[in-house]
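Under my numbering, the sequence shown has 143 at position 143, and the numbering climbs by one with no breaks.
Lysine-lysine pairs mimicking DSSO-like chemistry, simulated, CA-CA at most 30 Å apart:
#1 Lys123 x Lys141
#2 Lys24 x Lys123
#3 Lys13 x Lys30
#4 Lys30 x Lys12
#5 Lys10 x Lys123
#6 Lys61 x Lys73
Calculated directly from the structure, the hints in this document are not laboratory data. This structure is a prediction, so every number in the text was calculated from the model and none was measured.
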Amino acid sequence: MKSVQLISYKLKKINYLYNKILSKELSASKLEHHFEVLLVLATQESPVTQNRLAELLQIDKSRTAIIVFDLEKRGLIQININPNDRRQHYVSLSSSALTYIPHIEVTIEKINQLAEAGIERQKLTTFFEVSEMIQQNLLKKGA
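Could you put together the complete structure from these sequences and hints?
Listed below in structure tokens is the structure:
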């Protein structure tokens, strides 16, 4: 019988290990897994809606709402309601959250260096190109 290999298995394993190390490195800052949300918001030039944040994070809107509520409660983000459409909530980083961003970026760079150790630049470039091609193929299918 032919052995079938799930592409997603290796990617899940890499994702699990990468995020486990990242979470451990950032555990002192008590950000849990929300460092990604803060990093995404830090790259935005202006406040984004919760719906746009969900798209950027590639998670569902209800999960985004839970994360946003938690981060607001902890004083890491600010939520402003659009006066023209009260259903729209704009999310931005608080000044407190801005102090975490440099530490998050340095930690990510450190873990990226660990992950990339001993791998030739060309192989990394190929890996990212192939990953992008796989993603595009699956998006065409409507995944």
